[in-house]
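Given chain A's structure and the hints, the job is docking chain B onto it.
Here the protein sequences line up with chains A and B, keeping their order.
Sequential numbering from 594 applies to the first sequence in the working numbering.
Sequential numbering from 594 applies to the second sequence in the working numbering.
No wet-lab data here; the hints were simulated from the structure.
Please note that the accuracy of each hint is not assured.
Since copy identity is lost for identical chains, a pair holds within one copy or between any two.
List time: in silico BS3-like cross-link candidates among lysine-lysine, alpha-carbon distance up to 27 Å [unchecked claim]:
#1 K893 to K923
#2 K688 to K726
#3 K932 to K726
#4 K762 to K688
#5 K688 to K755
#6 K867 to K612
#7 K755 to K687
#8 K893 to K867
#9 K759 to K925
Number of protein chains: 2
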Amino acid sequence: MKMIQNDLLLRAAQGKPIKRTPVWLMRQAGRILPEYRAVRASVSGFIELAQTPELAAEVTLQPVDILGVDAAIIFSDILVIPEAMGLPYEMIEKKGPHFPEVIQTVQDVQNLRIADPETDLSYVLQAIEIVKKELDGRVPLIGFAGAPFTIFTYMVEGAGSKTFSKARKMLYQEPELSHQILQKITDSTIAYLKAQIRHGADLVQVFDSWAGILPPAQYSHFALPYLRQICDAINEVPVTVFAKGAYFALEEIGQMSCQTVGLDWNMNPKTARKLVGENKTLQGNLDPCALYDSFDNIRKMTRQMLAEFEGKPHIANLGHGVYPDIDPEKVKCFIEAIKEFSN
Amino acid sequence: MKMIQNDLLLRAAQGKPIKRTPVWLMRQAGRILPEYRAVRASVSGFIELAQTPELAAEVTLQPVDILGVDAAIIFSDILVIPEAMGLPYEMIEKKGPHFPEVIQTVQDVQNLRIADPETDLSYVLQAIEIVKKELDGRVPLIGFAGAPFTIFTYMVEGAGSKTFSKARKMLYQEPELSHQILQKITDSTIAYLKAQIRHGADLVQVFDSWAGILPPAQYSHFALPYLRQICDAINEVPVTVFAKGAYFALEEIGQMSCQTVGLDWNMNPKTARKLVGENKTLQGNLDPCALYDSFDNIRKMTRQMLAEFEGKPHIANLGHGVYPDIDPEKVKCFIEAIKEFSN
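Chain A on its own, in the form it takes in the complex (with noise of 0.2 Å):
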């Protein structure tokens, strides 16, 4: 295996010494940079990019060439998982994902096929070989995957919601259905995070985007331990768990087996730290609203976090995926300023 030139990420991820806190950012291969959108206009839609192994990697590769980021994120989305598993879905324009099809009854769970991702998603794996081939060694590449309570809600839901009371009706009125359809979930996400690892993946990270809409005791009962499978089954690289506006189990999670625990802009980085434990690495955790304001208020609110989380191991990034309306400027900005404040 190449040794990794920046290793950062790697090193922070394990708690090891760094000499500078690293940075990355969710979404910072995406429409804030004109070359993506200028990649992106020239297939049908978000999907098509997603499945194209070569343009798959070159936008992978360009926040690292374009912004100086400590590291790529593949290209993709954590719903190829669904599709993988049988059930296809569609992304419409200011709308989002749409699923044609959901699951609603025993024989829609029996259906369901574990993934297989060296045939149902090879196109991300090869879109990892051709990004590991390209950085050669530069920065580590994040591979990751959607947490099982949040592709559940997709799956049974069918698309985004402002409530999810559709998913969140099915814990309550089929449990064990609903069990069924994580476990599944979490065999299919192990199965495909290994095999971004085979194909050179240096860490991965897994989104609980919608662990806000579940009262404690459900995420206990229906997220957490399919979390706690997947820290469990990998091994191979660092985990890092990102469960948005979870807040009231960052005690758990940071019970987990994983060894990096990502922070979205509500959250305290010292009340977490407290909740967490001095086990982990923080990741995070500036407003992605923050971008919005001008150089020196952005340096200024950088260094600000930065202070938060002195003193135990943090990756710097925001609190959630860059909007798409930022000034690449403004990002810049924000990822020079972890470089210089952190020194």
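Showing chain B alone in chain A's frame:
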């Protein structure tokens, strides 16, 4: 002033001894009841219903008679305040509120007027008077308004949003202008709540529905000072603050001069009690989706919820508005379980 026969809610809000826990539901006057849908079908839309005092009063009274709740809450909308300030809105079926014009410039802010409730919002005040007469002292009537920050988001964003990034952008780019808007909303809201009280409201609740989209520091800066002004200005009746998602601000909210703090279904009642302190009543917080479960399980979960609040002043409610497709019999089951188990 006429004595209120069932004064459990008012006694609970004042921390006085009560013989059982009072219960009401956010959105109890609404689509869950066929009787509401019949009235709603007789008018052109939601806004016409809210603006017709006789009909607004009728749907306000329905849950008292049909569900047996311990309070009525006036049927209205938090967005009457922007409208009274000069920014009308429309309610788009299945999409939600939409403001044809939004606040962007200094001129827009100057054009905003402070609402004069006796003229601009007389339809709400008339509805309150009808309800009070019809209730004839059976249960107290709750008045309400949106919190300044939540109203601000609609006035700047123009509609609901996943990220509210336009409204939040203004907080960063135009902090002074944002404060001016927030102050005008606050002045309007205080006048409006005082008018509701003069016309008969026995308690008022302030809904900060979008509290959860701000980082803690911004919430302290742009939301709490205006909530505090409202709490300090209203001395006539008890005040409830419900800041959905603002778990990070519970300690500061606990120091405000309100009587009751509402909890959403993510919040752990015991943790919340520690943060809020001993001197307030807590309100909430069963997961609204729990009412999709069986009658037996609803009784079990309700009993468990009561136990988590036990020993300190509590007003039972869901952690958010009741969802429109919940069976009214399940709602009754929740209400009856509160009455039975807290006795």
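Hints, one by one, checked against the model:
no.: 1; hint: K893 to K923; in the structure: within (13 Å within a copy, 52 Å between copies)
no.: 2; hint: K688 to K726; in the structure: neither (35 Å within a copy, 46 Å between copies)
no.: 3; hint: K932 to K726; in the structure: within (26 Å within a copy, 67 Å between copies)
no.: 4; hint: K762 to K688; in the structure: both (23 Å within a copy, 21 Å between copies)
no.: 5; hint: K688 to K755; in the structure: both (13 Å within a copy, 11 Å between copies)
no.: 6; hint: K867 to K612; in the structure: within (24 Å within a copy, 40 Å between copies)
no.: 7; hint: K755 to K687; in the structure: both (16 Å within a copy, 12 Å between copies)
no.: 8; hint: K893 to K867; in the structure: within (25 Å within a copy, 33 Å between copies)
no.: 9; hint: K759 to K925; in the structure: between (41 Å within a copy, 21 Å between copies)
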